[in-house]
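K.L.:
Listed below, chain by chain, are the residues.
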Amino acid sequence: MSSSEGKLKPSSSELDLDRPNIEDYLPSGASIHEPHGKLRLRDLLDISPILTEAAGAIVDDSFTRCFKSNPPEPWNWNVYLFPLWCSGVVFRYLILFPVRAIVLTIGWMIFLSCFIPVHFLLKGNDSLRKKWERVLVELICSFFVASWTGVVKYHGPRPSMRPKQVFVANHTSMIDFIILEQMTAFAVIMQKHPGWVGLLQSTILESVGCIWFNRSEAKDREIVTKKLREHSQGADNNPLLIFPEGTCVNNQYSVMFKKGAFELGCTVCPVAIKYNKIFVDAFWNSRKQSFTMHLLQLMTSWAVVCDVWYLEPQNLRPGETAIEFAERVRDIISVRAGLKKVPWDGYLKYSRPSPKHRERKQQSFAESVLRRLEEK
Amino acid sequence: MGNSSSMLTQYDIEEVQQHCSNAFSQQEIVSLYKRFCQLDRNGGGFVSAEEFLSVPEFAVNPLSQRVLRMVDGLNFKEFVAFLSAFSPRATLQQKIEFIFKVYDSDGNGKVTFNDMLDVLHDLTGQFISEKQRKQVLTQVLEEAGYTKDSLLVLSDFVKILGSSGLKMEVEVPVD
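If you're matching them up, the sequences are chains A and B in order.
For the first sequence, the UniProt record's numbering assigns the number 1 to the initial residue and increments by one for each residue that follows.
For the second sequence, the UniProt record's numbering assigns the number 1 to the initial residue and increments by one for each residue that follows.
Keep in mind that a hint or two might mislead.
[Unchecked claim] Okay, the calculated beta carbon distance ranges per label pair: (1) A:A303 <-> B:S48: 32 to 42 Å; (2) B:S48 <-> A:D220: 40 to 50 Å; (3) A:G195 <-> B:G44: 26 to 36 Å; (4) A:E222 <-> B:D72: 50 to 60 Å; (5) A:L122 <-> B:S48: 55 to 65 Å; (6) B:G44 <-> A:M293: 19 to 29 Å.
Don't read these hints as lab results, they were simulated from the structure.
This structure is a prediction, so every number in the text was calculated from the model and none was measured.
All C-beta atoms, glycine included, are put in the ideal place defined by N, C-alpha and C.
Bound-form chain B, shown alone (with noise of 0.2 Å):
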């Protein structure tokens, strides 16, 4: 592709699968690489939040900005770890563990109402008033058996989102 040289060796290639708990084949590792050095025009070895907003199918999702404080300027090691919270083989357990690192962006461990409404705000945009807001997550947290002061860990969203049949996957291509 251009930049230096790109190439992984098999020690690279086990080292990183190592790192995302075996959640991607070598195979689908060696893509991502690809598709890494594909994002990383610039070849810093990291790729830069511009770098993946000039993905217009990224910069259009409501949540590209929450995504992007996670992934911004991840090398490959950790770019791969990222994703393997999508990758089919991962568990419930690390998809609801990676909604709730979304949800908590000061890393506290603890989801407040504001973290809910943030996002929720990102979701709606200007399309609901912000006292709409909190009047729906007021609404929806008491019927759940929380208040508007209750701090939710991990496993509250474990019990919240444990039985929905969450599906959070993608696919890596593989050619």
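Only chain A is shown next, with the shape it has when bound in the complex (with noise of 0.2 Å):
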């Protein structure tokens, strides 16, 4: 009999999904089976298993499940908790929040002073330029952390300025950025968002030196990882901060990180940040939410509370590919946030699968049919 025709072919999809063997984590049930003895009718038929996994994923599948918005239980259900509930609302929405909207106004005031004259007159001395606006971002970014009354507990010592090195997290909402930002400042690669936004981005983030990157272009990897590395080898250019997961998870479980903030030659810092969901869930659901909604909810919320740990620089170990690295690292960040991990690539919320799981699945199916048809 003729072999079965052809290994793998090259997908055609972008996205790059040479990954760990994604049936490790599936669950697995009936398409464990290993098939015996030699092929009868009922063997070809049964489709039973196949069918299951269809119906498992209709009904519960894994990659939903990190998106899912997480809100703290409504307890104003009860006739004496829900007047305290009210009050609460209250106190929130008409004291809470103007208080915090003026916080953040005079933050901004005193940063818009002090960084426009700094950033032209001081043109001619870059490092000393550098310096105070790395300065005023910490700033600004402490002022916002103020302005959701930002609990933020860092653990771990605080990140270095050294060159090769780059810090990865775990990524819930844009606010990772600010909070981590507030301590250190780092350099960020991020995507270009339209409005307020991108122009704070291409203003003051500019200033402490910051990648931006289109989603949607595919070419566009190949330019972001060379200026990744070019950031990186630069002896007085800020740390550089990288959300591998490329997109918002709801801080319950991981998704897949991607290669490429580990394959620069640096030391990888990793970065765990874990919310305390009791008083605000602060995954932002970029389906369901503008940024500034996202905000909003924030500033009327008791509190953002949070854990930020600092962990243990790792290197590529001798003989460990990028993809190895990248989850050895997404381990350490997942156990120490207590994220469950899922075989998924975050990009899968914008676009459909490659084709080489299923042809992978076809293959082995194949294979099986081809082999117990020799047997006697």
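Both chains come to you apart, so use the hints to assemble them.
P.N.:
Pasting the structure below:
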């Protein structure tokens, strides 16, 4: 019998999916059975395992779970608690929120009145200007954090400014960046956003050294990798902060890390961020809310409480691939922040999975059929 | 979840339960409803093919297109009825009927050689040639006492699959 046709053809999809075996993570159940013995009609007609997987995915799947908002449990159902809750709402919206808005406005005024002069007047003296701009960006981030009554507990040694190191963290919302930035002025790689956020990105964030990418551009990836490498080699660039998940996840799961940050030839310093759900669900569900609404929601909650752990820097081990390195770091971060790992690429939010997965299943079934045909 | 009044009344639950012949408990139906609303992102009252395919675990399944044909555009009651074949309370007969329906794409109650060939094609992709597929299928059919021109009906499927210890169950997560 001729051998089964063709190996897996290279996928034409943009998604980088030479991942560790998904079957290790997916609910095993029926797909584990290794069929033996001569091939019979019933073996060909019995498609129950595959149908079970399809129905299982319809009923519940690990990918959708990653992006489900988990608001704190509502507790205003009782006739005694309800008035208490109402007064809480009144307090939050009519007292806390205006105070916070004022604090934020003052912060912006201070920031802009210092930043603009520094930016233009110190044009000649680059290193001094950069130093000042760093301090000012850290300042405005602190004001932001104060405007949500952010209670952030930092654990671990403060990041130091050294070349050839990058920081990676799990991603829940754009506020991750602000929370980390108030401690250390990182340079960050971000998706370019429209509106006022985009304006901030192109003016202020430019000063700490940001790199832009466009998710929808396939070729963009090589350019971005090049920029990342250049930045990380530079001695007086701000340390680079990367969110390898590539999208916001709901702080209970972690999706696969993109390997880009792990093949720069740098030390990778993992940072784990965990938000306390009792106070507010900090997950920015970008499909449901704009960033403005998300910020307003935070500013009318009681507090944003979170823990940030700066974990031990990791290096590529001899014989380890970039993907294995990424998975190892994801493991370190997920364990620290209590996140469950799922084997999906975050970009599947925006596009379909590569045919490679289906092809792998088809190949294994085809091989089993042909093999069993030979048996007597 | 942000869409229109997504609350099931006790009456609705009982109606759905009856429609699926008690394959699911009331708690499971409530869970399935939450899931249905989660999948039905645009709130149209049914889940479209696009919305199903946005679940990566479903999209990578070799039989996704066939299943999609059966489940696309169903309202919640029909959706639960569709899934009832996967309930642990479903009978072996119901499960075999479901499998038969997957094969019998034109719904005329008869499964032809080509129907079976098509499903085999979905399952094996480009890793077996068309000629090999035909050879394999003809061989196993003849060994089972059928021919290439046989038209299989439900009772044939019951005979073939009935003794194989078929397991086809999904668990509905109930929180």
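K.L.:
Give a verdict on every hint.
P.N.:
Verification of the supplied hints:
| no. | hint | in the structure |
| --- | --- | --- |
| 1 | A:A303 <-> B:S48: 32 to 42 Å | holds, 40 Å |
| 2 | B:S48 <-> A:D220: 40 to 50 Å | violated, 30 Å |
| 3 | A:G195 <-> B:G44: 26 to 36 Å | holds, 29 Å |
| 4 | A:E222 <-> B:D72: 50 to 60 Å | violated, 38 Å |
| 5 | A:L122 <-> B:S48: 55 to 65 Å | holds, 57 Å |
| 6 | B:G44 <-> A:M293: 19 to 29 Å | holds, 24 Å |
In the structure shown, a violation is registered for the earlier hints numbered 2 and 4, in ascending order.
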